[in-house]
Amino acid sequence: MGRLAYLANSLARTFDRKRAKCPNCGSATSDLVARKYLVTALRRCRSCALMFRTPTDPANLNEAFYEESYSQGFTTDLPDDRALQRLVSTNFASSEKDYSAYIAVLSSLGIGSGARLFDFGCSWGYGSYQLAQAGLFVTAFEIAPTRSRYAREKLGVNVLDQIETAALDQHRGQYDCFFSSHVIEHVPVPHEVFTLAQVLLREGGLFVSFTPNGSEASRRHNTTWSKAWGEVHPHFIDDIFLDTHFGASPRVFGSSPISRARLPAAPESLRLDDLSRGELFFAARKVGPAW
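In the numbering used here, the protein residues as written are 1 to 291.
The hints are simulated quantities; they were obtained by calculation from the structure and are not laboratory data. Note that beta-carbon positions come from the ideal geometry of N, C-alpha and C, so glycine has one too. It cannot be assumed that every hint is accurate.
What the hints assert, rightly or not - Straight-line alpha carbon distances no greater than 20 Å define the calculated EDC-like cross-link-like pairs of lysine to aspartate or glutamate that follow:
1) K227 / D57
2) K21 / D31
3) K154 / D98
4) K36 / E216
5) K18 / D31
6) K97 / E153
7) K227 / E279
What the hints assert, rightly or not - Pairwise CB distance ranges (calculated):
8) T146 / D274: 31 to 41 Å
9) G135 / D161: 36 to 46 Å
10) L4 / L270: 18 to 28 Å
11) A290 / D81: 40 to 50 Å
12) S269 / E192: 44 to 54 Å
13) D161 / E96: 24 to 34 Å
14) S108 / N222: 22 to 32 Å
Based on the provided sequences and hints, a complete structural model is requested.
If you want it as structure tokens, here you go:
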């Protein structure tokens with residue numbers, strides 16, 4: 001969608017009260033954080049603490065939007081066979097799809113060769129492929145059929161076509177890590193991702209995510225932070241929101257680059273590292289039936 005069309009659609013929904021409610025919990029009460037283009041705003045929910053863009057989008061627009069190619073922070077363009085061959089020949093090294101830094105963080109958390117990992121939102125499979133090359137047993141999910149098919153056919157990624165309850169029975173409690181890179185800021189209802197992770201992880205398993213960094217420290221240090229929310233990123237994830245949902249779990253926050261990640265041992269304990277940089281890192285350990 002072009003910017004003019006996006007702004008026109010936003011203007012048309014500006015006075016629709018349903019489009020001002022929190023998409024995560026449904027609360028109608030929120031506080032203004034910032035405005036952009038006059039007709040869009042970033043608000044923080046008073047109930048669940050999510051920062052979300054208003055006016056919000058109807059749910060039926062989500063899948064259609066992400067089936068299209070776009071560019072705001074990363075691209076979903078599918079490489080042709082020759083370009084893919086070049087990337088695979090170097091295991092994506094030094095490309096914008098290079099996952100070596102993420103793999104190093106996972107390793108420092110104890111998620112290495114032989115671990116079972118669920119990659120939520122794998123796009124066209126470049127990350128899942130590299131994780132598998134590092135020795136992890138990877139199962140992935142991608143909402144867009146074109147990209148999931150590409151991941152399966154071109155890179156051999158084990159991609160689930162659906163994540164409804166019936167399809168997940170054999171996956172319950174089977175994973176050492178639920179991994180998500182730059183996905184949570186896109187999904188219509190973020191808490192459903194956290195619930196899915198709780199179902200799929202074994203006791204002691206890790207939830208690990210990377211997102212654009214909406215924390216106050218990052219916003220202070222990065223003058224262009226307003227580019228990190230908008231049409232493509234309807235949510236701006238920060239430590240306050242994640243802490244609201246994972247308060248019963250040992251957890252750690254940081255910002256990339258991460259040299260070494262360490263989780264505190266005790267339940268309900270928090271480790272807060274430097275949050276000033278643009279990519280937010282978060283990890284939490286499953287220690288019971290609820291985060």
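Cross-check of the supplied hints:
1. K227 / D57: holds (18 Å)
2. K21 / D31: holds (11 Å)
3. K154 / D98: Within the cut-off at roughly 17 Å; holds.
4. K36 / E216: holds (18 Å)
5. K18 / D31: holds (16 Å)
6. K97 / E153: holds (18 Å)
7. K227 / E279: With Cα atoms ~13 Å apart, K227 and E279 stay inside 20 Å; holds.
8. T146 / D274: 31 to 41 Å: holds (38 Å)
9. G135 / D161: 36 to 46 Å: 25 Å Cβ-Cβ, so the 36 to 46 Å window is violated.
10. L4 / L270: 18 to 28 Å: Violated, at about 44 Å.
11. A290 / D81: 40 to 50 Å: Hint holds: Cβ distance 46 Å, inside 40 to 50 Å.
12. S269 / E192: 44 to 54 Å: With Cβ atoms ~26 Å apart, the hint is violated.
13. D161 / E96: 24 to 34 Å: Holds, at about 27 Å.
14. S108 / N222: 22 to 32 Å: Cβ of S108 to Cβ of N222: about 25 Å, so the range 22 to 32 Å holds.
Violated hints, listed in ascending order, are 9, 10, 12; each of the other numbered hints is respected by the structure.
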